[in-house]
Every structure is written in C-alpha cells, then in structure tokens.
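Turn these sequences into a full structure, and let the hints steer you where they fit.
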Amino acid sequence: MERLNRTFFERAPETVAKELLGHILVRKTKEGVIKGTIIETEAYGDINDLASHARFGITPRNKIMHELPGILYVYLNYGIFNLTNIICEKTGKAGAVLLRSAEIIEGLEIASSHLKSSKHVKANEFLATGPGKLSIAFGIDRAFNGLDIVSSDQISIEIPKNTTGEFDIIEKPRIGIDYADKSKDLPWRFYIDGNQYISKK
DNA sequence: ACATGGATTCGCT
DNA sequence: GCGAATCCATGTT
52 MERLNRTFFE
62 RAPETVAKEL
72 LGHILVRKTK
82 EGVIKGTIIE
92 TEAYGDINDL
102 ASHARFGITP
112 RNKIMHELPG
122 ILYVYLNYGI
132 FNLTNIICEK
142 TGKAGAVLLR
152 SAEIIEGLEI
162 ASSHLKSSKH
172 VKANEFLATG
182 PGKLSIAFGI
192 DRAFNGLDIV
202 SSDQISIEIP
212 KNTTGEFDII
222 EKPRIGIDYA
232 DKSKDLPWRF
242 YIDGNQYISK
252 K
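Heads up: the first sequence begins at 52 in the numbering used here, then just goes up one per residue.
Among the hints, erroneous ones may be present.
Each computed DSSO-like pair below joins lysine-lysine, with the alpha-carbon atoms no more than 30 angstroms apart [unchecked claim]:
(1) K79 / K212
(2) K252 / K170
(3) K251 / K223
(4) K233 / K223
(5) K223 / K114
(6) K252 / K233
(7) K233 / K79
(8) K233 / K173
(9) K79 / K69
(10) K233 / K86
(11) K251 / K212
(12) K212 / K223
(13) K167 / K81
(14) K69 / K173
(15) K167 / K114
(16) K223 / K141
(17) K252 / K69
(18) K114 / K173
(19) K69 / K251
(20) K114 / K79
(21) K144 / K69
(22) K235 / K251
(23) K235 / K223
(24) K141 / K233
(25) K233 / K251
(26) K167 / K251
(27) K167 / K252
(28) K69 / K233
(29) K141 / K212
(30) K223 / K81
(31) K81 / K144
(32) K173 / K223
(33) K167 / K86
(34) K167 / K233
(35) K223 / K69
(36) K235 / K252
Hints listed in this document are in silico derivations from the structure and should not be mistaken for laboratory results.
Have a look at this one:
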C-alpha cells in the first residue's frame with residue numbers, strides 16, 4: 052500500500068478531515084500490526100475557530116498546531132484520555148484533524164489487549180469507536196506528540212487498494228464543544244453514512 | 001499561586 | 001439523562 056504524503060495534509064483541516072475517511076490507519080507495534088479504516092473525523096481550525104485549542108493564539112500546548120503538516124498532536128483530555136490529531140495547513144497556520152473513530156481490520160487481538168489493560172474503557176466489539184478509545188486501541192499516547200505520520204515507521208496512513216469502496220459522507224456539528232459560541236454549529240464533523248462504528252448518533 | 005473546566009466514557013437512575 | 005473519574009493547560013489574582 053501507498054502511504055499519504057506531506058502534500059495531502061498541507062490543506063484546510065475540513066478538506067483533510069473529509070478526505071481521510073476510508074483511508075487506513077496503520078500502527079506497527081512490538082506485538083504486531085494494527086490496521087483500521089478511518090470512519091469518523093473532526094476538523095479544528097485556527098484562532099478564529101472558538102472550539103479549537105488554537106483559539107488562544109500560540110501557547111506552549113498548541114504551538115505544534117502551527118507547525119509541520121502531517122505531524123501528530125496528542126493531548127490529555129479530561130485528565131483521562133489521550134486524543135489523536137494530525138496537523139494540517141501550511142506551517143505557520145493552525146489546523147488539525149481529530150481522529151474520532153476507526154473500524155479495526157487487522158490486529159484485533161492486540162487492540163483488544165490494549166483496551167483490557169486500560170482502566171476507563173470497556174473492551175467490547177467497538178474497539179476504536181470514539182477518540183479516547185481509538186488512541187488506546189492503537190497504542191497512541193502523548194509520547195507520540197510531534198511524531199511525523201508521513202515518515203514514521205511506527206504509524207502511517209495508507210491509501211486503500213480497493214477504490215471501489217464508495218460511500219456517502221455525513222457532515223454535522225462537532226461533538227462536545229457547546230462552549231464554542233458562534234463556532235459550535237460549523238459542520239466540521241465527518242463520518243461515513245450508515246457505518247456502525249460511529250462514536251455517537 | 002489559585003481556580004476553572006474540558007475535542008470522553010461508562011454506569012447508574 | 002446525569003454524574004464521576006482525574007489532571008493539567010490556561011486565565012486570573
């Protein structure tokens with residue numbers, strides 16, 4: 052399979068978020084390879100997006116959102132979960148895509164063992180459904196912050212060989228950002244229509 | 001130095 | 001539908 056390159060991520064987050072659907076997240080661990088089809092994403096913008104960490108301008112935490120497109124932004128949410136994002140836009144302009152849900156298609160047992168050793172999630176058949184669970188299932192923590200998904204040998208995104216997999220894309224407001232005032236209704240959550248691995252209805 | 005609250009998930013009411 | 005778990009980035013004093 053061919054992996055996504057820098058150019059893919061060097062665009063607006065809402066474009067990247069939409070186009071990532073159906074691509075394959077590949078994670079190489081010591082135990083083996085985990086692969087999953089990306090089912091759901093959200094886009095986060097720059098200082099003008101009141102739901103984005105970039106809304107405060109450049110701070111120590113969100114500095115990375117202004118850096119190289121294709122690197123990972125992983126942060127701790129609610130003191131409990133690591134959330135996985137990929138940086139978008141040209142260097143200097145903030146933007147990121149949150150990976151919210153995936154359907155695991157390879158390495159089910161490894162992903163399952165990750166969930167079982169985690170205190171706050173249930174290890175059911177929906178291993179990577181929801182951004183917190185996705186990060187656990189794929190073994191992504193804050194040590195991955197700044198890692199380059201374009202060149203890393205631990206993690207990559209690949210273009211599926213079978214391009215016959217057509218699907219409809221649903222665009223909806225983002226989850227869990229009611230505080231975001233005028234930005235909260237932006238249709239920047241994207242998911243594959245009818246797919247059962249959606250984080251929320 | 002302190003107070004606030006969150007890009008979640010699960011279990012109980 | 002609601003609240004707890006749990007911690008650190010950010011804004012305020």
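Status of the hints after comparison with the structure:
For the proposed pair K79 and K212, the alpha carbon gap of about 19 angstroms is at most 30 angstroms, so the pair holds. For the hint linking K252 to K170, the alpha-carbon distance of about 25 angstroms falls within 30 angstroms, and the restraint holds. Under the criterion of a C-alpha separation no larger than 30 angstroms, the hint pairing K251 with K223 is consistent with the structure, at around 11 angstroms. Between K233 and K223 the CA atoms are separated by roughly 15 angstroms; this keeps the pair inside 30 angstroms, and the hint holds.
Between K223 and K114 the alpha-carbon distance is near 27 angstroms, which keeps this suggested pair within the 30 angstroms criterion. Taken as a hint, the K252 and K233 pair is honoured in the structure, with Cα atoms around 22 angstroms apart against an allowance of 30 angstroms. Pair hint K233 plus K79 does not hold up; C-alpha atoms about 40 angstroms apart against a cutoff of 30 angstroms. With a C-alpha separation of about 35 angstroms, the suggested pairing of K233 with K173 is violated against the 30 angstroms cut-off.
Pair hint K79 plus K69 holds up; C-alpha atoms about 25 angstroms apart against a cutoff of 30 angstroms. A threshold of 30 angstroms between alpha carbons decides the hint, and for K233 with K86 the separation of about 37 angstroms lies outside it, so the pair is violated. For the proposed pair K251 and K212, the alpha carbon gap of about 29 angstroms is at most 30 angstroms, so the pair holds. Our distance criterion of 30 angstroms between C-alpha atoms is met by K212 and K223, whose separation comes to about 28 angstroms.
About 17 angstroms separates the Cα atoms of K167 and K81, which keeps this hinted pair within 30 angstroms; it holds. With a C-alpha separation of about 28 angstroms, the suggested pairing of K69 with K173 holds against the 30 angstroms cut-off. In summary, the hint linking K167 to K114 is not supported, as the alpha carbons are separated by about 33 angstroms, beyond the 30 angstroms threshold. Restraint check: the Cα-Cα separation between K223 and K141 comes to about 25 angstroms, which is no more than 30 angstroms; the hinted pair holds.
Straight-line distance between C-alpha atoms of K252 and K69 comes to about 18 angstroms, which keeps the hinted pair within the 30 angstroms bound. Between the alpha carbons of K114 and K173 the distance comes to roughly 33 angstroms, so the proposed pair goes past 30 angstroms and is violated. The suggested pairing of K69 with K251 holds, with an alpha-carbon distance near 17 angstroms, which does not exceed 30 angstroms. For the proposed pair K114 and K79, the alpha carbon gap of about 27 angstroms is at most 30 angstroms, so the pair holds.
With a C-alpha separation of about 19 angstroms, the suggested pairing of K144 with K69 holds against the 30 angstroms cut-off. A distance of roughly 17 angstroms separates the Cα atoms of K235 and K251; the hinted pair therefore holds under the 30 angstroms criterion. Annotation: proposed proximity of K235 to K223 holds, straight-line Cα distance about 10 angstroms (limit 30 angstroms). Between K141 and K233, the direct Cα distance comes to roughly 25 angstroms. Compliance with the 30 angstroms bound is thereby established for this hinted pair.
Between the alpha carbons of K233 and K251 the distance comes to roughly 22 angstroms, so the proposed pair stays at or under 30 angstroms and holds. A distance of roughly 22 angstroms separates the Cα atoms of K167 and K251; the hinted pair therefore holds under the 30 angstroms criterion. For the given pair, K167 sits about 25 angstroms from K252 by alpha-carbon distance, which is consistent with the 30 angstroms threshold. The suggested pairing of K69 with K233 holds, with an alpha-carbon distance near 22 angstroms, which does not exceed 30 angstroms.
Proximity of K141 to K212 is assessed by CA-CA distance (about 28 angstroms); at most 30 angstroms being required, the pair is judged to hold. In summary, the hint linking K223 to K81 is not supported, as the alpha carbons are separated by about 37 angstroms, beyond the 30 angstroms threshold. Taking the CA atoms of K81 and K144, the gap is near 35 angstroms; set against the 30 angstroms cutoff, the hint is violated. Taken as a hint, the K173 and K223 pair is honoured in the structure, with Cα atoms around 26 angstroms apart against an allowance of 30 angstroms.
The straight-line distance between the Cα atoms of K167 and K86 is roughly 18 angstroms, inside the 30 angstroms bound, and the hint therefore holds. About 39 angstroms separates the Cα atoms of K167 and K233, which puts this hinted pair outside 30 angstroms; it is violated. At roughly 12 angstroms between alpha-carbon atoms, K223 and K69 fall within 30 angstroms of each other, so this suggested pair holds. The suggested pairing of K235 with K252 holds, with an alpha-carbon distance near 17 angstroms, which does not exceed 30 angstroms.
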